[in-house]
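A.B. asks: Residue numbering for the sequence shown follows our numbering, beginning at 1 and increasing consecutively.
Be aware that a few hints might be false.
[To be verified] Pairwise CB distance ranges (calculated):
| no. | residue 1 | residue 2 | range |
| --- | --- | --- | --- |
| 1 | 80 | 111 | 31 to 39 Å |
| 2 | 34 | 122 | 45 to 53 Å |
| 3 | 254 | 149 | 22 to 30 Å |
| 4 | 250 | 22 | 33 to 41 Å |
| 5 | 22 | 90 | 15 to 23 Å |
| 6 | 111 | 149 | 42 to 50 Å |
| 7 | 208 | 38 | 35 to 43 Å |
| 8 | 95 | 60 | 41 to 49 Å |
| 9 | 91 | 112 | 31 to 39 Å |
[What the hints assert, rightly or not] The calculated SDA-like cross-link candidates involving lysine to any residue, where the alpha carbons are at most 20 Å apart (straight line), are:
| no. | residue 1 | residue 2 |
| --- | --- | --- |
| 10 | 112 | 174 |
| 11 | 34 | 201 |
| 12 | 112 | 62 |
| 13 | 171 | 18 |
Worth flagging that the hints you see were computed from the coordinates, not collected in a lab. All figures in this text were calculated on a predicted structure; none of them were measured in a lab. Here a beta-carbon is modelled for each residue, glycine too, at the ideal position from N, C-alpha and C.
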Amino acid sequence: MPEAADSHPDLHRDLHRDPRLADYANLRDVELRKSLEAEHGLFIAEGEKVIRRAVAAGYPVRSVLLTRRWADSLADLLDGLGDRVHVVEDREMEEIAGFPVHRGALAAMDRKPLPTVAETLRGGPRRVLVLEDLVDHGNVGAIFRCAAALGVHAVILSPRCADPLYRRAVKVSMGAVFAIPYARMTNWYDGLAELREAGFLTLALTPDQGATPIDTAGTADRVALLLGSEGDGLSSHWLHEADQPVCIPMSSAAMSLGVDSLNVVAAAAIACHGLMRGVLVTGTGDTLG
């Protein structure tokens, strides 16, 4: 049975100074959290479904912080964690985290070693999404959810992309970040070379309507779709380096009114659907062309 906060009087005196709760402090301070999580090799899973998916994916639990009403529903996961489980009141949860935690449960998880790009590509993925410099954690989480739902086999991140295991990215993805392999490039300038060497056709998504419509683009056994940042899209360097620019055809009527593009998450969903054209993913993870 998890321990309640009232069994630890010191929790009430100064929640922010309690070393057992340090992993959960100031969750909305992005720069502080990035530094703290990198230093300690951890991330935060929020809500029962996400916590369960993280555990199922093999991430070790450092500790759990939850309100009383969630203790029973998570009892099977909490069993054996002993004094690493902290049950607090709603107001205390808000004080510790710095905002109302509506899902009532947080878990600090240890990260697993991240594979290299070469290791990720070596596993045989045929359809890969490559993100260049997306900095919004919510967008990255939503794109991972799209990629996982539509059967994309792996995601490759440029060095400056937001962290998929940052709390908001994990939350928005509903744990999809645990369901799809990913890796981070160490070299942006030559980052596409590894894809080419692994036999990938690289398609660069652009709003330019003069590019090839994505649903008529060339196919190959291995295809990588490049998506650019929220503001400027793909860099001119990656556009030039890619094998073929592709676009999502826009309504001419909408374009005449100045609506000439989609936001990056909507574009990613449509593009991932197009990327999977001709690929059937079976329940065992095998692929058939």
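A.B. asks: Compare the structure with each hint and give your call.
C.D. replies: For each hint, the structure was consulted:
1. 80 to 111: 31 to 39 Å: Hint violated: Cβ distance 21 Å, outside 31 to 39 Å.
2. 34 to 122: 45 to 53 Å: Violated - the Cβ-Cβ distance for residue 34 and residue 122, about 29 Å, lies outside 45 to 53 Å.
3. 254 to 149: 22 to 30 Å: Since the Cβ atoms of residue 254 and residue 149 sit about 26 Å apart, the hinted range of 22 to 30 Å holds.
4. 250 to 22: 33 to 41 Å: Between residue 250 and residue 22, where Cβ atoms are some 49 Å apart, the hint is violated.
5. 22 to 90: 15 to 23 Å: The hint (15 to 23 Å, Cβ to Cβ) holds, given that residue 22 and residue 90 are roughly 21 Å apart.
6. 111 to 149: 42 to 50 Å: violated, 24 Å
7. 208 to 38: 35 to 43 Å: holds, 37 Å
8. 95 to 60: 41 to 49 Å: violated, 27 Å
9. 91 to 112: 31 to 39 Å: holds, 34 Å
10. 112 to 174: The hint holds at about 19 Å.
11. 34 to 201: violated, 34 Å
12. 112 to 62: Measuring from Cα to Cα gives roughly 13 Å; hence the hint holds.
13. 171 to 18: violated, 25 Å
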